[in-house]
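Now for the letters of each chain:
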Amino acid sequence: MAITVINLSDPISTLVTKTNTVASDLGDKANLSTTDKTSLVTAINELNSASNIASQVETFFNNDGVILDVGGFHADSANIDSAHITSLSSDTFNSNTINIDGVTVSDLKPLQIKNSAGTVVLAGYLLSTSNVDGTL
Amino acid sequence: MAVRTPVYWDGSSIAEMSASQITAIKQRCVYLFGGSGRPVNLTYDAGNSAVGMRRMIDTRDTAGAATNNTTSFANNSPPSTNDGAASTTYDYVDLSQTDGSPTETADTNNIAFPLYIESTGVFRSMTRDDMYDTFINDAIDLLVDGNDRDGTYRVSTQPTTLANHTRVNSNPIFVDKRYDASGVHGGATGTSTQDILPLTGGVDDPVTITSFYLWRTNQGASYGTPSIEIPLQTDTDENLVTYSPSEFDDLLESLIFYSAAFRTNYIIHYNFEAAGVDAQVITDNVSTPKQRGDAIIDTTLNAQVRINDQDADNYRSQNLPTGSAEVETTYTLKIYRK
Numbered sequence: 137m138a139i140t141v142i143n144l145s146d147p148i149s150t151l152v153t154k155t156n157t158v159a160s161d162l163g164d165k166a167n168l169s170t171t172d173k174t175s176l177v178t179a180i181n182e183l184n185s186a187s188n189i190a191s192q193v194e195t196f197f198n199n200d201g202v203i204l205d206v207g208g209f210h211a212d213s214a215n216i217d218s219a220h221i222t223s224l225s226s227d228t229f230n231s232n233t234i235n236i237d238g239v240t241v242s243d244l245k246p247l248q249i250k251n252s253a254g255t256v257v258l259a260g261y262l263l264s265t266s267n268v269d270g271t272l
Numbered sequence: 107m108a109v110r111t112p113v114y115w116d117g118s119s120i121a122e123m124s125a126s127q128i129t130a131i132k133q134r135c136v137y138l139f140g141g142s143g144r145p146v147n148l149t150y151d152a153g154n155s156a157v158g159m160r161r162m163i164d165t166r167d168t169a170g171a172a173t174n175n176t177t178s179f180a181n182n183s184p185p186s187t188n189d190g191a192a193s194t195t196y197d198y199v200d201l202s203q204t205d206g207s208p209t210e211t212a213d214t215n216n217i218a219f220p221l222y223i224e225s226t227g228v229f230r231s232m233t234r235d236d237m238y239d240t241f242i243n244d245a246i247d248l249l250v251d252g253n254d255r256d257g258t259y260r261v262s263t264q265p266t267t268l269a270n271h272t273r274v275n276s277n278p279i280f281v282d283k284r285y286d287a288s289g290v291h292g293g294a295t296g297t298s299t300q301d302i303l304p305l306t307g308g309v310d311d312p313v314t315i316t317s318f319y320l321w322r323t324n325q326g327a328s329y330g331t332p333s334i335e336i337p338l339q340t341d342t343d344e345n346l347v348t349y350s351p352s353e354f355d356d357l358l359e360s361l362i363f364y365s366a367a368f369r370t371n372y373i374i375h376y377n378f379e380a381a382g383v384d385a386q387v388i389t390d391n392v393s394t395p396k397q398r399g400d401a402i403i404d405t406t407l408n409a410q411v412r413i414n415d416q417d418a419d420n421y422r423s424q425n426l427p428t429g430s431a432e433v434e435t436t437y438t439l440k441i442y443r444k
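Protein chains in written order, with our numbering: chain A, 137 to 272; chain B, 107 to 444.
If we strip away everything but chain B, and leave its shape as in the complex, we get:
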């Protein structure tokens, strides 16, 4: 089990692959992961309890209870608004880990994998662990490095178009809403008298601030379609032969799919990490979780305003949310190895 240097036929001789040629094969693995058969996927599934993923909560401030009397506003002492009292749970993202039930390529006859030079004049077939050490482990690390890698998922506030990405679903996975201060009371920040009480929209009268969507990075987004040198293998007649391009692609794909789904410490995983009121730290990772896309921010308002409203001898007063955005929780979709 070690990193090997495979050999290939360069057109006139057998040559060891250069570091850049090996890197190209790792990038080819990333490209293959972008194909439709990848085992690790995030899907939009509203109301399915966020399988494998933590839920998110959008919180909103609500208006305080209304008070009234028959003589004057001064006699009212309306209670404060309620910080984050209303909420909507977003458990719309499911993680599937083993789509297609990938299997690990067998080392049939102990000659399934490429040849390398063991010592002068001695060619030896790589083991499957050699393949992991030489190509697959590094390819997995590329996939979880936080950049837009083929076949991985990210969050964006873009609703319809995001270059090099395909939207998973037209519905958002999270909507940050706040009390509609502008719509209800014009964004008043000081005590004012307005003919809006009793409230027609109730104490929780939200407006959408930002919607967040799930996107998948397209195949070829990272490195285009990497062209690679195909290594040599030996066959059962002890010939030195070059894999066909499709054979070698199938071999790489099998190993990276299996690794991403099942191989301990190289399983590709996603989850939402959160900082703030609804804090959550990822703990099952073996690599540093990397953020994928825009942070999902749950905001509320940071102040309240007293509204007075006189109808005949009925003096109503109520505190309503107002002010500017206040971050309650910041959620981030993260990708990592476990």
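Looking at chain A on its own, in the form it has when it is part of the complex:
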């Protein structure tokens, strides 16, 4: 749709038509769903507040079955009550900030059990309570 432009050469009748077109395009402010219907500016400003946007997003995702399905996601920090992560990887995985039962993942240590012949019968990792090497 082209922008309605009133030219200096337009006759009165065209001016009337174009003015009505502009008014029609703006719509009736009484029909605004915002709280403040004083003007389009105040209505838009009302929508533009962070708290209002956050409230609207929270209301949306609090509905059961609504899933955020995005191709990418970046957040400086997040607080997630629970999550199922199918695959987790990171180039800068900070094991010092991940806790399991109060123990940081940085204390994960290799653990092996050998039989008396020296054959490894169990190889894995042990989440230690100490970050000192050689101390379980």
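Examples of chain B residues lying across from chain A (beta carbon under 7 Å, computed): (1) D213; (2) N216; (3) I217; (4) G227; (5) V228; (6) F229; (7) R230; (8) S231; (9) T233; (10) T340; (11) E344.
Chain A is nowhere near these chain B residues, computed Cβ spacing over 10 Å in every case: (12) T204; (13) T211; (14) T314; (15) N324; (16) A401.
Derived Cβ-Cβ restraints for the label pairs, each shown as a range: (17) A219/A with L346/B: 30 to 40 Å; (18) S126/B with H210/A: 52 to 62 Å; (19) L244/A with L201/B: 57 to 67 Å; (20) L346/B with N188/A: 51 to 61 Å; (21) F196/A with W115/B: 51 to 61 Å; (22) T342/B with H210/A: 48 to 58 Å; (23) G326/B with L244/A: 39 to 49 Å; (24) T342/B with N230/A: 32 to 42 Å.
Bear in mind the hints are in silico, worked out from the structure with no lab data behind them. Glycine included, each C-beta is placed from N, C-alpha and C at the ideal position.
Using the hints, position chain B against chain A.
Relative to the frame of chain A, chain B by itself:
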């Protein structure tokens, strides 16, 4: 094959045993050896030729031959007494070495023995040789150190009561007898005339000086009942588990019993060593033989006395043993490794 430091669960973490905790396990082995199933025993068995043990001999001086004539004592020249001419052989102690036929615990699945830390983050099961090196060898050394250790045997002159010991038999294993100088001639030391000839008790008329008995040291005499930390092992599901106390006792008992009975250089052995007339040196030992209990001393008398006795015109003279004790042979029961 080496000395290891087993790990145990201390209630909140896996910890390596301290030196004192390992010592307690060795002492537990000594305690277990004091149980009734021990394979090495000494028994009283009179007349069975001292199986596995050397015999002992009690010697006694005997009176010299009597002489006589019809005119005077001066005409008599009685022969001397006979030093150690009479004897009794004591072969009353038998050694049994493999009672119960103990068997060596197998290293089933190579996980039968406790875990130790091989390197950072690596637990490894001990081998049976590790068990010997860590616990059993030292426990055997404790058992043969000459002190009253549980389940070992000793000699005592005590006939009925000896603290922390059980008498093997009410009969003595050796009796030191000497000519009854006091009873026969009142202990005379110079030529005297007494109405005792001819002798009614014969030339060998002994009296008991000292009796020696065999005793066994009771279980718990050395260290009481040592409480120990039970080590961890791994099971066939690779769990870390603590042995039950009875399982670990059975394991230690099996190894120390087997070692004491069969393991070369760690077989517990006894024998009588002797110094003096009937000398005997133990030669099959790999550890220094240690004396167990009182020395068994065979004594005789160190002098003779001439006794004259006139009956009508019969002048009798005879030399009889007298004097004080003279050691002929000193026997000692010894314990050692072979």
